[in-house]
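Protein chains: 2
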Amino acid sequence: MHTATESDIVRLARATKALALTLAATPTFEKNAALEKIAQALENNQALILEANARDIAQGQAEGLSKALIDRLSLNARRIHDLVETVQQIVRLPDPVGTLLDAYKRPNGLHIEKVRVPLGLVAIIYEARPNVTVDAAALALKSGNCVLLRGSRSALNTNRALVEIMQAALVQTALDPGIIALVTDSDRAAVSELLQLRGIIDVVIPRGGSELIQRVVNESRIPVLETGEGNCHVYVDGSANLDHAVKICYNAKVQRPSVCNAAETFLFQKPIAAEMVRQLFPLLRQAGVDIRADESIRALDASVTAATEQDFDTEFLDLIVAVKVVADVNAACAHIRRFGTQHTEAIVAEDPSVIDQFKKGIDCAAVMINASTRFTDGGEFGFGAEMGISTQKLHARGPLGLPELCTYQYVVTGQGHIRS
Amino acid sequence: MHTATESDIVRLARATKALALTLAATPTFEKNAALEKIAQALENNQALILEANARDIAQGQAEGLSKALIDRLSLNARRIHDLVETVQQIVRLPDPVGTLLDAYKRPNGLHIEKVRVPLGLVAIIYEARPNVTVDAAALALKSGNCVLLRGSRSALNTNRALVEIMQAALVQTALDPGIIALVTDSDRAAVSELLQLRGIIDVVIPRGGSELIQRVVNESRIPVLETGEGNCHVYVDGSANLDHAVKICYNAKVQRPSVCNAAETFLFQKPIAAEMVRQLFPLLRQAGVDIRADESIRALDASVTAATEQDFDTEFLDLIVAVKVVADVNAACAHIRRFGTQHTEAIVAEDPSVIDQFKKGIDCAAVMINASTRFTDGGEFGFGAEMGISTQKLHARGPLGLPELCTYQYVVTGQGHIRS
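Chains A and B supply the protein sequences, listed in that same order.
If you count by the working numbering, then the first sequence holds residues 2 to 421, one letter each, in order.
If you count by the working numbering, then the second sequence holds residues 2 to 421, one letter each, in order.
Don't read these hints as lab results, they were simulated from the structure.
Hints are not guaranteed to be accurate.
Treat identical chains as interchangeable: a pair holds within one or across any two.
[As the list claims (entries may be wrong)] The calculated lysine-lysine pairs, modelled on DSSO-like cross-linking and capped at a C-alpha distance of 30 Å, are: (1) Lys38 to Lys361; (2) Lys106 to Lys18; (3) Lys248 to Lys360; (4) Lys106 to Lys361; (5) Lys115 to Lys18; (6) Lys18 to Lys360; (7) Lys115 to Lys248; (8) Lys361 to Lys18; (9) Lys68 to Lys18; (10) Lys106 to Lys248; (11) Lys271 to Lys106; (12) Lys360 to Lys106; (13) Lys271 to Lys361; (14) Lys248 to Lys361; (15) Lys271 to Lys248.
Okay, chain A solo, but in the shape it has when bound (with noise of 0.2 Å):
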C-alpha cells in the first residue's frame, strides 16, 4: 500500500511502524541493554546536547518568548543528568509485555490466554520541554513500542540531538534505531496529516497545554489518550483532623502550583471555614498566594480578592487559589462536579459516612483521602516513571505507566475445535 505520492510524515510511520513487531517480540534484556546504551550516550553528549539547546534559546530569545517558556526550553548539566537518571529507572521497572492477564479453559476445552502486548506505534504530541523526548522514547521502548515524536518547533534542535544520540546509540544494540522516530516538519500542518494516520498509528498522546490537547482531540481519527488538565479541588469538612487539613491545602496549593495535580480551589464546610482562614491563610500569604474567595470567607477576612465565577473554573497553574464556603460534602461535590476536571479531588474529613458520600458524589481519576492531590503521580503511586495522567476514563485512568502503554491478546488454543 506504499504509493508514490505519500509525503514525508506518512512514509516515517510507515517505517516506523514496520519495525512494531519484531520490537514487541523483543526480550527484556536487549530492551534493558538498549536503555543502558541510550543512558551512557546522553551522559556522554551532553556538550553536543547544550550546543544544540543553546540554537533553540538563542533563536526563541530572538523571536521573544516569554522567560518561563525559556525556562521550559532549556538544558543544563542537572537536567540532563535528570533525563540519564530517569532512563536508568526504566531499566530498573518490569517490563509490562507478556504479562499473562487471564488463563483458563473452557467446558469444550478451548484454552483461552489473554497476554499484554504493546500498542504497537505510538506518537506523542508535545511542547517545550525537550525532556519528554528522553521519557517518552525511552517508555516507549521498555513497554514495546516504536514511537513518532513531535515535539515543538521552538525545541527542534535539541529534540533533534536528543533522538540522533539515541538512535546512534541503538545502532550498537539488537534493537533497530527506527524505533524511535522524530517529525521534523515544523509545520502546523503536519500534525493535522499525522492525525489521520489511523491503522499505521495506533495511539496518539497529547502532552501540553488545553490547546494542544483541544486541537488533538478535534482532529484525530486514531484514538487519543489524554493527558489533560487538572482543576483539582480540597473540600475540607467540618469532621476534619484541621492539623491534616491547613497541611493538606498548603502542599496541594503550594509545593508545586505549576503542575496538573496541585490544587486549585478550597472548599471549606462552613463550620470549619473561620479556623482555616485563621490558620492557613497567614501562611498562604507567606508563600505569596493570591487569594480568592467568595462573600463568606470575606465576611471572615476583608483583606482576600472577591472570587468571580471564572476563578473557579480556571487551572490556574500558578500561586493563586479560589476559596469558597459550602453548606456540606453534597454542596462541594455538586462543585466539583460543575467545575472539576475528572482528574483528582481531595477530601480532608474524619466522618467515615461523608467520606463515602464523597466517593460516591464525584467522578475523577483519583479520589484523596487525607492526603495532597500532589500524589497522584506515576512516581509516588509506585509505577517509577509516567507517561502524563490521563483525565479520559478509556484505556486507562490517572498515571500511564509501562502497563497503560500496552493492550492485550487473546491467543486461544485448540485441537480442531469447531463452533456448532
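Based on the hints, put chain B in the right spot on chain A.
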C-alpha cells in the same frame, strides 16, 4: 452550564448523564431486580412490540428496503423470546462494578486502591437490528452505565416501543427510568451533534457496517470503542493435521458467513495445498461457497474462479472465499499484515516453532491455534453477552463484555499525607 439554546439531544444527554453517579453506586441486587422487571415487561408486551415492528416493516417495504434489511429489522415471537433470554442471562453474570483491581501500601504509608467503576454515559449508534436496543441497554445497566441509544430511522417505531417498555419497567424499581434514553431525532445531523458531546458522553460505540463506523471515527470528539470489520484468515501450515485443517476451514467459512469472525481467506502452505483442495473444495461447493483462488490453486483445480487483489481485501460476509498458496508461515503473516483487520487470525499447524512465528508475525485481537475463527465471541470466551468485538487497541480488544464497559478509579487514603 445549561444554556437556554441547547438542543433536545444535548438536553437529553445531559439529563441522562446526571443519573450516572447514582446508577454507579446502585447495588447489584437492585440492578438485577430491574433487569428481571425488564425481561418480564418485554415478555408481557410482545403484542405491542410486534405491532410497532409491523409499522417499521411496512414503511421499510414501502421505501424499498432490501429483503436482507427487512429480515434484520423483523422481530417475531422467537426473536423476542431470545431478547428476554439475553436479559435473563445478563442477570446471572457477575457485577463488574466495585471489583478491587489492585490494593497496596506505599512505603510512606499511603494506601492505594484501584477500583473498577462504570464508564458513566455510553452512547451506542447502531443499524437496523432492534435486538441491539435491548442487549445494549441491559449490558449498560448491569455494568452501571447510563446509555444513550441511537438506532436507525427504519427501526424507530420498534426501538421506541422497546425503550418505552424498558423505561416503564424501571418505574417499578429503585432505578431511574431515565438511565435508558433513546434519541428519536432521525436526522443524520443528530448523530453529528451527539458526537461532539465530549465531557457529557464518556464513550461512543458504533455497531454496524464500515460506513457507519468510519463516520463515527471521523466525526467523534468523544472516545470511540470501534467494533469493526473482520477480514479473518485461516493459514494452513504444511505441518497441519489435515482433518483439523479441513474441519476448521469449513467451519470458519460456512457455519455463519454473515458475521465478523467468519473467515474470508484461506492461505495454504505449498506442500499441503493439493490435499486441501482435494478434501475441502468439494465440501465448500456442496455448501454453495463461491471459491476465488490464485493461479497456484487454479493449477490444481481449473474450475475455480481467479481471485483479484480486491477479493483478498474484502470482508465478504457471505458464502465466498478467497484462497491463496503461500511459501511459508512468514509469507502468510505478510499477507495477513497487509489485508487483515486486526480481528481474528487462525493457524492450523502442529509445529510449535511455526505457531510461534505466526503469533509473532501478526497483530490482531485474537489468534486461534488449531481452532476456528468463529470462537472470537463473548459467549464462547465465557463472558456471556457482549457489546461487540473491538478491533482497536485502546481500552479493550476482542469481545466487549461487562468489565470492558467499565473504567477504574484510584482511591488513595492517607493520614494527613503531604508531598515533600
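Okay, the hints, checked on the actual structure:
| no. | hint | result |
| --- | --- | --- |
| 1 | Lys38 to Lys361 | between (48 Å within a copy, 26 Å between copies) |
| 2 | Lys106 to Lys18 | neither (34 Å within a copy, 39 Å between copies) |
| 3 | Lys248 to Lys360 | within (21 Å within a copy, 53 Å between copies) |
| 4 | Lys106 to Lys361 | between (37 Å within a copy, 23 Å between copies) |
| 5 | Lys115 to Lys18 | within (23 Å within a copy, 33 Å between copies) |
| 6 | Lys18 to Lys360 | between (42 Å within a copy, 17 Å between copies) |
| 7 | Lys115 to Lys248 | between (44 Å within a copy, 25 Å between copies) |
| 8 | Lys361 to Lys18 | between (42 Å within a copy, 15 Å between copies) |
| 9 | Lys68 to Lys18 | neither (38 Å within a copy, 43 Å between copies) |
| 10 | Lys106 to Lys248 | between (52 Å within a copy, 21 Å between copies) |
| 11 | Lys271 to Lys106 | neither (57 Å within a copy, 33 Å between copies) |
| 12 | Lys360 to Lys106 | between (37 Å within a copy, 20 Å between copies) |
| 13 | Lys271 to Lys361 | within (21 Å within a copy, 61 Å between copies) |
| 14 | Lys248 to Lys361 | within (25 Å within a copy, 52 Å between copies) |
| 15 | Lys271 to Lys248 | within (19 Å within a copy, 73 Å between copies) |
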